[in-house]
Amino acid sequence: DGGITQSPKYLFRKEGQNVTLSCEQNLNHDAMYWYRQDPGQGLRLIYYSQIVNDFQKGDIAEGYSVSREKKESFPLTVTSAQKNPTAFYLCASSIKVDVLNYGYTFGSGTRLTVV
Amino acid sequence: GDSVTQMEGPVTLSEEAFLTINCTYTATGYPSLFWYVQYPGEGLQLLLKATKADDKGSNKGFEATYRKETTSFHLEKGSVQVSDSAVYFCALSGAFGFQKLVFGTGTRLLVSP
Numbered sequence: 001d002g003g004i005t006q007s008p009k010y011l012f013r014k015e016g017q018n019v020t021l022s023c024e025q026n027l028n029h030d031a032m033y034w035y036r037q038d039p040g041q042g043l044r045l046i047y048y049s050q051i052v053n054d055f056q057k058g059d060i061a062e063g064y065s066v067s068r069e070k071k072e073s074f075p076l077t078v079t080s081a082q083k084n085p086t087a088f089y090l091c092a093s094s095i096k097v098d099v100l101n102y103g104y105t106f107g108s109g110t111r112l113t114v115v
Numbered sequence: 116g117d118s119v120t121q122m123e124g125p126v127t128l129s130e131e132a133f134l135t136i137n138c139t140y141t142a143t144g145y146p147s148l149f150w151y152v153q154y155p156g157e158g159l160q161l162l163l164k165a166t167k168a169d170d171k172g173s174n175k176g177f178e179a180t181y182r183k184e185t186t187s188f189h190l191e192k193g194s195v196q197v198s199d200s201a202v203y204f205c206a207l208s209g210a211f212g213f214q215k216l217v218f219g220t221g222t223r224l225l226v227s228p
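Order-wise, the sequence lines are chains A and B. Numbering-wise, the first sequence is residues 1 to 115 according to the working numbering. Numbering-wise, the second sequence is residues 116 to 228 according to the working numbering.
No lab work stands behind these hints, which were simulated from the structure alone. Predicted model only: the values in this text are computed from it and were never measured. There could be a bad hint or two in this list.
[What the hints assert, rightly or not] Straight-line alpha carbon distances no greater than 20 Å define the calculated SDA-like cross-link-like pairs of lysine to any residue that follow:
id: 1; chain 1: B; residue 1: Lys171; chain 2: B; residue 2: Tyr140
id: 2; chain 1: B; residue 1: Lys167; chain 2: A; residue 2: Ile95
id: 3; chain 1: B; residue 1: Lys167; chain 2: A; residue 2: Tyr102
id: 4; chain 1: B; residue 1: Lys171; chain 2: B; residue 2: Ala142
id: 5; chain 1: B; residue 1: Lys215; chain 2: A; residue 2: Leu100
id: 6; chain 1: B; residue 1: Lys167; chain 2: A; residue 2: Asp98
id: 7; chain 1: B; residue 1: Lys175; chain 2: B; residue 2: Ser198
id: 8; chain 1: B; residue 1: Lys215; chain 2: A; residue 2: Leu27
id: 9; chain 1: B; residue 1: Lys215; chain 2: A; residue 2: Thr86
id: 10; chain 1: A; residue 1: Lys96; chain 2: B; residue 2: Ser198
id: 11; chain 1: B; residue 1: Lys215; chain 2: A; residue 2: Lys9
id: 12; chain 1: B; residue 1: Lys215; chain 2: A; residue 2: Lys83
id: 13; chain 1: A; residue 1: Lys96; chain 2: B; residue 2: Thr166
id: 14; chain 1: B; residue 1: Lys215; chain 2: A; residue 2: Arg111
[To be verified] Footprint (simulated), chain B over chain A, 3 or more residues, beta carbon under 8 Å:
id: 15; region: 13-20
id: 16; region: 104-114
We put the beta carbon where it would ideally sit given N, CA and C, even for glycine.
Turn these sequences into a full structure, and let the hints steer you where they fit.
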C-alpha cells in the first residue's frame, strides 16, 4: 500500500546535538512538507519542496534544514540552533498540481524530546 | 493572505449528541475546503472535502457544506461516538499559485459515554 513513513516514532536529543527525522513516501507525489505541532498551536510549516533538489522556507524555518535529493525522501534536520525543538513533527506530501482535489497525505509523526 | 478560523475547544459532548464545529475562511478566488482528523499520537487523516460552492462533503457520518455566501465550512455529525474523540482541523487550498494547504488551529472533541 502506498503511504508516507516517518521514523523514528520517538526521538530524544541532547542539548547541542543535531538530529535527523526521516520521511519517505511511495505515492509518487511531487511535493513534500514538514510541519511542527505544539499543544494548542495547530500546525506550523517549517519547509516544503515542490520538486527534487528544490525547497522553500516555511513560516518557522530557523534552526532547521532539509534536503530533497530523491523524489521519495525529504529528511528534516533539527540543528542545535533550534532552541526549543521539543514538539511533534509531521511530514506530508501532495500531487503538486492538484492539491485542490486531493489535499495532503500525512505520515504518523515523530515526537522529538530534548533531554 | 488566505486564513482559516476555527472555534476554540475543547468541545465536550455526551455520546449520541449532535456535533457542530465551526470553520470560517478568508481566501481569494475559489479555494477547496477540507476537514482533517487527528487521533492521539497520530498524523492527520483526510475526513472530507468540498471543491466548489454548495458542495457537501461527507464521510463516516460527518458532513460539511461549502457556503460561499458566509465563507463557512462547518463540520456536523448527528450522533457522536466515544471513538470520535480527536482533534479536527479545517483547511483550505488556495486557487492560485502553488496550492499549499492553510490550516486552522484545530478543535479538540471529547466524547464521554
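Taking the hints in turn, this is what the structure says about them:
no.	hint	in the structure
1	B:Lys171 x B:Tyr140	16 Å, holds
2	B:Lys167 x A:Ile95	19 Å, holds
3	B:Lys167 x A:Tyr102	13 Å, holds
4	B:Lys171 x B:Ala142	19 Å, holds
5	B:Lys215 x A:Leu100	9 Å, holds
6	B:Lys167 x A:Asp98	14 Å, holds
7	B:Lys175 x B:Ser198	12 Å, holds
8	B:Lys215 x A:Leu27	18 Å, holds
9	B:Lys215 x A:Thr86	25 Å, violated
10	A:Lys96 x B:Ser198	33 Å, violated
11	B:Lys215 x A:Lys9	25 Å, violated
12	B:Lys215 x A:Lys83	27 Å, violated
13	A:Lys96 x B:Thr166	16 Å, holds
14	B:Lys215 x A:Arg111	24 Å, violated
15	13-20	violated (count 0)
16	104-114	holds (count 7)
Violation of the numbered hints given earlier is confined to hints 9, 10, 11, 12, 14, 15; the remaining hints are satisfied by the structure.
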